[in-house]
Amino acid sequence: MAAPLELSCWGGGWGLPSVHSESLVVMAYAKFSGAPLKVNVIDNTWRGSRGDVPILTTEDNIVSQPAKILSFLRKQKYNADYELSAKQGADTLAYIALLEEKLLPAVLHTFWVESDNYFTVTKPWFASRIPFPLSLILPGRMSKGARNRILVTRGQPPFYHLREVEAQIYRDAKECLNLLSNRLGTSQFFFGDTPSTLDAYVFGFLAPLYKVRFPKVQLQEHLKQLSNLCRFCDDILNSYFRLSLGGTSPAGQETVDANLQKLTQLVNKESNLIEKMDDNLRQSPQLPPRKLPTLKLTPAEEENNSLQRLSP
Amino acid sequence: MAAPLELSCWGGGWGLPSVHSESLVVMAYAKFSGAPLKVNVIDNTWRGSRGDVPILTTEDNIVSQPAKILSFLRKQKYNADYELSAKQGADTLAYIALLEEKLLPAVLHTFWVESDNYFTVTKPWFASRIPFPLSLILPGRMSKGARNRILVTRGQPPFYHLREVEAQIYRDAKECLNLLSNRLGTSQFFFGDTPSTLDAYVFGFLAPLYKVRFPKVQLQEHLKQLSNLCRFCDDILNSYFRLSLGDG
Chain A
1 MAAPLELSCW GGGWGLPSVH SESLVVMAYA KFSGAPLKVN VIDNTWRGSR GDVPILTTED
61 NIVSQPAKIL SFLRKQKYNA DYELSAKQGA DTLAYIALLE EKLLPAVLHT FWVESDNYFT
121 VTKPWFASRI PFPLSLILPG RMSKGARNRI LVTRGQPPFY HLREVEAQIY RDAKECLNLL
181 SNRLGTSQFF FGDTPSTLDA YVFGFLAPLY KVRFPKVQLQ EHLKQLSNLC RFCDDILNSY
241 FRLSLGGTSP AGQETVDANL QKLTQLVNKE SNLIEKMDDN LRQSPQLPPR KLPTLKLTPA
301 EEENNSLQRL SP
Chain B
1001 MAAPLELSCW GGGWGLPSVH SESLVVMAYA KFSGAPLKVN VIDNTWRGSR GDVPILTTED
1061 NIVSQPAKIL SFLRKQKYNA DYELSAKQGA DTLAYIALLE EKLLPAVLHT FWVESDNYFT
1121 VTKPWFASRI PFPLSLILPG RMSKGARNRI LVTRGQPPFY HLREVEAQIY RDAKECLNLL
1181 SNRLGTSQFF FGDTPSTLDA YVFGFLAPLY KVRFPKVQLQ EHLKQLSNLC RFCDDILNSY
1241 FRLSLGDG
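Top to bottom, those sequences are chains A and B. First residue of the first sequence? That's 1 in my numbering, and the numbers climb one at a time after it. First residue of the second sequence? That's 1001 in my numbering, and the numbers climb one at a time after it.
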């Protein structure tokens, strides 16, 4: 556990720590399980292979693919599923398979195949983070890979062309979103009050669909009608990712500054109060150490972490 | 309901009404839901397209793909899931996705890619039911389709060759079988005492793996250790398919 865990992944935008589903799954799982990850965002100075991203690096290992990375983290005792029953564990795997079969094709299509979306949003975003001349080649290759993935798994007879498949995959994706919404209900997470692997996967698949601004948005519109899923994504973003956003966007920075300001004011107020009681304090050697007031923004165990992260 | 429902599908062997998973799923569902199907087994006199099998034909419709056929039967009021809750319905879809993602690649590999199995069992069986000269071409095409299906969905980096994928897909399949065994437990069916769509799918995927005699049998051996899954398949065969096997 002393060896630093480094995660190389695609960066964020639109309020997300990453716009790439697989990177987001790993980042969310690390937050849920308490794994201390050093996140290296890929930019156009990064020299590694981009095909395998996200990649976890430790002193002795290089692990790619979200399932393998999560498995590795569990072996290092960072286990977010500790309290799940065997049946819940089985359900987790089944629902992840459902996400990959029913939702992923439509997500891939929205990002990489739908022309308006691809040319105006996805391609420029990725190309700006890939060095020339690879930036001319790699986005196109990723787009073709997405197209192939969709056609081979869904393009069975009687579908032979992408256009016919498109209607079906969006229907399946909407059905999958409805199922997830039903399954989540009014709970905070899928298996009770603490987030687990399934929550990481659902968040990883849904959040980019929810937040990234695309021209063609039919799946996004459907998702926005499922308010408990939107609330689910927002809760995770606010509880686990807000303070890390300090360096990535002006809006994030303002939030951090505002929090810092509030905290400073509260600390000052309390120190004034305590100074007014100075006689009693000096005569009372058993006074417990002064606790900094904490903001009621996150669950109790997150507060200490968030305070530590505020300081550089 | 007066219009006869005809199902064209691959035939049986080794005690099964069909050796083809997708055909078996539809046949099992029809038995569970009480749909009166007239089963037309494909032999080498059959002139239709074999790529879409199983195919359901009624007076006005031709439906292919198991999911669509089951959907059609439900609309005709043959519904095996009538008593399931919404959550059980959602679990059904999730577990079917799990079967297709984790178990299907290894089943496809066992039947169509593993050389010993393909050349000694699968290819002769299918070729004898396809008219010449298509019998020289179609099995090879089905084998290539299976190989592609496996590689594209599982052959992600760092796997680039079939050999590397093979170990992974068999690991996943064994894990999936263990999960199914856990989930079934001591119950007769997956959601209580009456069989539903999920039972049809699990039966469709497991029964060929259980019964067909292959040279290379690692997945079969693993399945045979999960006695409740074997009992599950045998129960369905005995209860729903015994009398139809008279001429198989």
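Hints in this document: simulated from the structure, not taken from any laboratory. Predicted, not measured: the structure shown is a model, and the values here were computed from it. Just so you know, not all the hints are guaranteed correct.
Here are the simulated BS3-like pairs of lysine-lysine, each with C-alpha atoms no more than 30 Å apart in a straight line [claimed, not checked]:
(1) K87/A / K1211/B
(2) K224/A / K211/A
(3) K216/A / K1211/B
With beta-carbon atoms standing in for the labels, derived distance ranges [to be verified]:
(4) K216/A / S1115/B: 32 to 38 Å
(5) P36/A / G1185/B: 53 to 59 Å
(6) P1133/B / A167/A: 35 to 41 Å
(7) Q1220/B / E83/A: 31 to 37 Å
Quick look at which bits of chain B chain A covers, simulated, 3 or more residues with Cβ under 8 Å [to be verified]:
(8) 1026-1033
(9) 1087-1098
(10) 1178-1187
In this text, a Cβ means the ideal position worked out from N, Cα and C, and glycines have one as well.
Please verify the coverage claim for the segment 1087-1098 of chain B: does it have three or more residues whose C-beta sits within 8 Å of some C-beta in chain A?
holds (count 8)
Count the residues of the segment 1026-1033 of chain B whose Cβ falls closer than 8 Å to any Cβ of chain A, and tell me whether that reaches three.
It is violated, with 0 qualifying residues against the three required.
Kindly confirm whether 32 to 38 Å is satisfied by the beta carbon distance between K216/A and S1115/B.
violated (46 Å)
Are K224/A and K211/A close enough, with their CA atoms no more than 30 Å apart?
holds (10 Å)
Does the hinted range 35 to 41 Å hold for P1133/B and A167/A at CB?
holds (37 Å)
Supplied distance hint 53 to 59 Å, evaluated on CB atoms of P36/A and G1185/B
violated (39 Å)
Within the segment 1178-1187 of chain B, is the number of residues with a Cβ closer than 8 Å to a Cβ of chain A three or more?
Three-residue rule met by the segment 1178-1187 of chain B, so holds; n is 3.
Could one say that the CB atoms of Q1220/B and E83/A fall in the range 31 to 37 Å?
holds (36 Å)
Assess, step by step, whether the Cα of K216/A is no farther than 30 Å from the Cα of K1211/B, and give holds or violated.
violated (49 Å)
Restraint status (C-alpha distance of K87/A to K1211/B at most 30 Å)
holds (28 Å)
Of the numbered hints stated above, those contradicted by the structure are hints 3, 4, 5 and 8, listed in ascending order.
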